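**Student:** Here is how the chains run, residue by residue.
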Amino acid sequence: MTHPTNGKAWEDFDNCWPDFAKDVRNLRLGLATDVSILLAT
Amino acid sequence: MNSSYSMWPIFVIPYNLPPWLCMQESNFMMSLLIPGPHSQGKAFDVFLQPLVEDLLELWRGVDTLDAITGKDFKLRAAVLWCIHDYPALSTLSGCTTSGYFACGYFACLHCDKSPLSYAIRSKICYIGHGCFLPKGHRLCKASDFKSLHGNSAKLGTFTIEELLEELENIRDVRVGQKRKRSRDRVPIWGRRVCLWDIPYWPSLKLRHNFDVMHIEKNVCESLLGTILDIKGKLKDTTNARLDLADLKIRNELQFQHNGDDYDMPKARYTLSKSKKTQFLNFLKDAKFLDGYA
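Here the protein sequences line up with chains L and C, keeping their order. Using the numbering used here, you'd call the opening residue of the first sequence number 1 and step up by one each time. Using the numbering used here, you'd call the opening residue of the second sequence number 1 and step up by one each time.
It is worth saying that the hints were derived from the structure and are not from the lab. Source: prediction; values computed, not measured. Some clues are possibly wrong.
Said to hold, decoys possible - Below, a sample of chain C positions facing chain L; criterion: calculated Cβ distance under 8 Å:
no.: 1; residue: 7
no.: 2; residue: 10
no.: 3; residue: 73
no.: 4; residue: 78
no.: 5; residue: 201
no.: 6; residue: 203
no.: 7; residue: 220
As the list claims (entries may be wrong) - Restraint-style ranges between C-beta atoms, simulated for each label pair:
no.: 8; chain 1: C; residue 1: 56; chain 2: L; residue 2: 14; range: 37 to 47 Å
no.: 9; chain 1: L; residue 1: 24; chain 2: C; residue 2: 279; range: 43 to 53 Å
no.: 10; chain 1: C; residue 1: 53; chain 2: L; residue 2: 23; range: 17 to 27 Å
Said to hold, decoys possible - Listing some non-contacts, in silico: residues in chain C with all C-beta distances to chain L over 10 Å:
no.: 11; residue: 211
no.: 12; residue: 245
no.: 13; residue: 292
Glycine included, every Cβ here is placed at the ideal spot set by N, Cα and C.
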């Protein structure tokens, strides 16, 4: 199992918003429309 | 399953947690519950508004107590992406998912200016995806599909500025309102969803993630139906063979003249009876890890 931290999209976000990335307490969220999708994976 | 009434919950998942916790149901936060009985379709946006307002506030930062240090700090939060299935893409992103401009790949990432689709007989055909293959890939070279890969030039993609301009054009499109179709505009985007109000939204690399559960199931079923030659399930139909003739590819599969009749040649990928038995026996004996089958 991998975590999205290793993903390109995450890295890209950090580069775009260094202010946000500085504080590790800042929350990163995902939006899901249907929970069955997540539980099935 | 009785589906006379459906509700659409929208969950927010914190990715700060380690992977084994982040996908646990107890860590999901249900932010919205959209009532049914039917899908809200384009009106979905109205329901999304309160969530977007909250997200905007969270992006600016809210006072939060750090339990360890005992001090207040500004907590900020950002949405990295949405997770949904293909039908929900049009609802959530406002881009077209049917017709000639339906290629989901472009809608999310590149928005191709000249979509790779055209009409064959009774369907819309999406072709030319060879241009996504690495240069010199063996499938690009294969003569079977040569005419389809003919113009595998670099795709015309929208820059983020062009994309924002496109969206600006349809800013006023509201639910239930008819809009004029202009010929010079590529109608990829139907409306501007409120998610675009979030300041960091345009800079995201991957705005929408597909759940491939249904896509995988359908592809697998069609594939098995075709190789096992199951009536009604197979995709190797008379019309499919006629399409090949229209596209001028795969000569060996096109109808062959035989006197007054036409013969439908047997395809390489249809299994013979003994091969079918072998294949089914293999499936019967196959063993998988727990939770994989």
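**Student:** The structure should be examined with respect to each hint, and the outcome stated for every one.
**Tutor:** Hints versus structure:
Residue-level restraint check for residue 7/C is violated (minimum Cβ-Cβ distance to chain L is 10 Å; threshold 8 Å). The interface hint given for residue 10/C holds, since its Cβ lies 6 Å from the closest Cβ of chain L, which is under the 8 Å cut-off. Annotation: interface hint on residue 73/C holds; nearest CB of chain L at approximately 7 Å, less than 8 Å. Annotation: interface hint on residue 78/C holds; nearest CB of chain L at approximately 6 Å, less than 8 Å.
The interface hint given for residue 201/C is violated, since its Cβ lies 11 Å from the closest Cβ of chain L, which is over the 8 Å cut-off. The interface hint given for residue 203/C holds, since its Cβ lies 5 Å from the closest Cβ of chain L, which is under the 8 Å cut-off. Look at residue 220/C: its Cβ only gets to about 15 Å from chain L, farther than 8 Å, so that hint breaks. For the hinted restraint 37 to 47 Å between residue 56/C and residue 14/L, the CB-CB distance of approximately 21 Å leaves it violated.
Take residue 24/L and residue 279/C: their Cβ atoms lie about 51 Å apart, and the range 43 to 53 Å holds. Roughly 23 Å separates the CB atoms of residue 53/C and residue 23/L, a value that falls within the hinted 17 to 27 Å. Distance check for residue 211/C against chain L: the nearest CB is about 4 Å away, which does not clear 10 Å, and the non-interface claim fails. Every CB of chain L is more than 10 Å from the CB of residue 245/C (nearest about 40 Å), matching its label as outside the interface.
Non-interface status of residue 292/C relative to chain L is upheld: no Cβ of that chain comes within 10 Å, the nearest being about 12 Å off.
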